Amino acid sequence: MPTTPDLFYLPITELSARIQSKKLSPVDLTKAYLDRSEKLGPKLNAYARLTPELAMQQAEAAAKEIAHGHYRGPLHGIPYAAKDLLATKGIPTTWGAKPYANQVFDYDAAVIEHLHRVGAILIGKASMIELAGGMGYRFAYASLQGEAKNPWNTQCWTCGSSSGSGAIVAAGLAAFAIGTETFGSIVCPSAFCGVSGLRPTYGRVSRYGAMSLCPSLDKIGPMARSAEDCARVFSAIAGHDIKDRGTVPLDKGAFTYSPSLDLKSRQLKIGWLTNAWKSLEPGVDTVVAAAHTAVRRFFPGTRDTTLPTGPWEEAANIIIAAEGAASFRELIRSGRIGELHDPLGKVAGYVNETIPAADYLQANKIRQLLQKKIDTLFESYDVLVAPTLPVTAPPLDVSLDATFGFSDSVGAAGNLCGLPALSVPCGFTAKTMPVGLNFIAKAGDDFAVILAARTFQQHTDHHRRHPKL
Amino acid sequence: MSNAKFSRREFARRAAIASAATLVPATAFSTTQPAPLPTPQQPANTPPLPSASQTEADNRTQLVLTEYGSHLTDDQKSEIARISANVQRQLDTLRKFPTENGDDPAIYLKPLMEREKKPTPNPATAKPAATKPAPTAAKN
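Quick note, the sequences are listed as chains D and A, same order. Using the working numbering, the first residue of the first sequence is number 1, and each one after it goes up by one. Using the working numbering, the first residue of the second sequence is number 1001, and each one after it goes up by one.
One or more hints might be untrue.
Distance condition first, Cα-Cα at most 30 Å in a straight line; then the derived DSBU-like pairs of lysine-lysine [to be verified]:
#: 1; chain 1: A; residue 1: LYS1096; chain 2: D; residue 2: LYS278
#: 2; chain 1: D; residue 1: LYS252; chain 2: A; residue 2: LYS1110
#: 3; chain 1: D; residue 1: LYS373; chain 2: A; residue 2: LYS1110
#: 4; chain 1: D; residue 1: LYS243; chain 2: A; residue 2: LYS1110
#: 5; chain 1: D; residue 1: LYS372; chain 2: A; residue 2: LYS1110
#: 6; chain 1: D; residue 1: LYS373; chain 2: D; residue 2: LYS431
#: 7; chain 1: A; residue 1: LYS1096; chain 2: D; residue 2: LYS373
Since the hints were made in silico from the structure, they are not lab data. Being a predicted model, the structure only gives us computed values, none of them experimental.
This is chain D alone, in the form it adopts within the complex (with noise of 0.2 Å):
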């Protein structure tokens, strides 16, 4: 088959159309999607480890069952990666995290197996920050795969901990990734990276056999070339599940995605967030002034709108410290923390461990007021939009102190009430970065958010634009 750089930038509508109508074999898109990783991927330090057998084992068994008739739907025979924290059966699962290096679990992660279920390909484990940055982490080398290279600068980082996932992506070496978010590590890597990235409801996705780091916080969600694209990534995955007590009830749990989708079947109330950053960098400014005019432009009505202040990253912050620290209190009591690669991942959790019961419920009292305010903005719209990062990604050997000294309310407080995101390409700086905008919905209303970064990307093209490798 012959393969050209386009192929492996399509996206997972045009891929399936070509595997379902037999024009494209899934055996052989992995094996050119393989090679392309094989080649790429450690200059990008993108992978943890492929996983060519078994990759190939389920390209076959794909091919198969499609020449038969048995079309499993649009990710069946389609390659893609998970980030190194999701337990897959008989393959090492490093948690990015030198401690773990050796780690295997005996059984999937019910991501992967929903995965596997709709007939999608794992072609690899994608690199990611030691223990999803949990213990705290300052340096872009903070990961046992070391730094992960942003494909359109790779003198650049890709932002993390979803580190691999967003540099898979961006470098077209799968059609999608699986990537985590706490807070940040879904959306960052996705406007770093210029790829689209959906950070669910929380407790819409399962995380049953991946990595627990703030059981409070922690999500999974798909990073892909689309809006449309995660979409159908999350329609695979979303649901309740008995083995993840988190997870939202039966009812609220999954999601349906149809390619007949009316983008006027609901009109969205879009608010522009005009106090998510404090400042944005030269060159972000003019791209976020252009896409906040466009912004009105698709959606006519669009105003501007703040989000109400208060103590979010502070009660983040300390809910992520106390639950990190006892997620990993084992490493912390055995001092085998110290041989995470960071210096700050090394000993914060030692004083993370000494936060005081009493603050950590404080923190969540200010959250379920936050949850009341934040629902209140959500009765006069469907979706705020603001600019995912006020800069772009940072060269790799900066102190992460420097580059990330700002304030980002927008983040704390989606993460904090569990409310879903989209960020998406919205333009490129003169130096050809690319800068993110984020679509944040209520809780439980994935839908919206889906359908506005949609809407977005039916007018725009900086979605399709890829680096030079």
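Following the hints, complete the assembly by docking chain A onto the known chain D.
Chain A alone, transformed into the frame defined by chain D:
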């Protein structure tokens, strides 16, 4: 309402120290004199903590050093002091935020109903690889 002899902040500070202390095993409370606290390296534009908060942050640092000091280099001890101060700033902000007794924390127990008592088919912990035992895998 009791006749409190110290301020709410002081109460919170003492409570914080007391509850943090419960996390540390008895071996941590030796009779030896604590080592001098390292000086945290803060960014130039970071304002100093109020003295009660600084005391609480210092106590937290001391607690960590008593328990884990033998694992740590001097630089790491300074880092601990810096992180303690940062945590303190965030705790101070949260404590100042007005909440009422009746405000619910975002934490609820989900009673284990009959329908949820089905056995989990797979273990929720890692199993060591057959050939390469993973020393910490089974603990996570």
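Structure-based check of all given hints:
no., hint, result
1, LYS1096(A) - LYS278(D), "23 Å, holds"
2, LYS252(D) - LYS1110(A), "17 Å, holds"
3, LYS373(D) - LYS1110(A), "24 Å, holds"
4, LYS243(D) - LYS1110(A), "13 Å, holds"
5, LYS372(D) - LYS1110(A), "21 Å, holds"
6, LYS373(D) - LYS431(D), "39 Å, violated"
7, LYS1096(A) - LYS373(D), "18 Å, holds"
Hint compliance for this structure: hint 6 is the single one not met.
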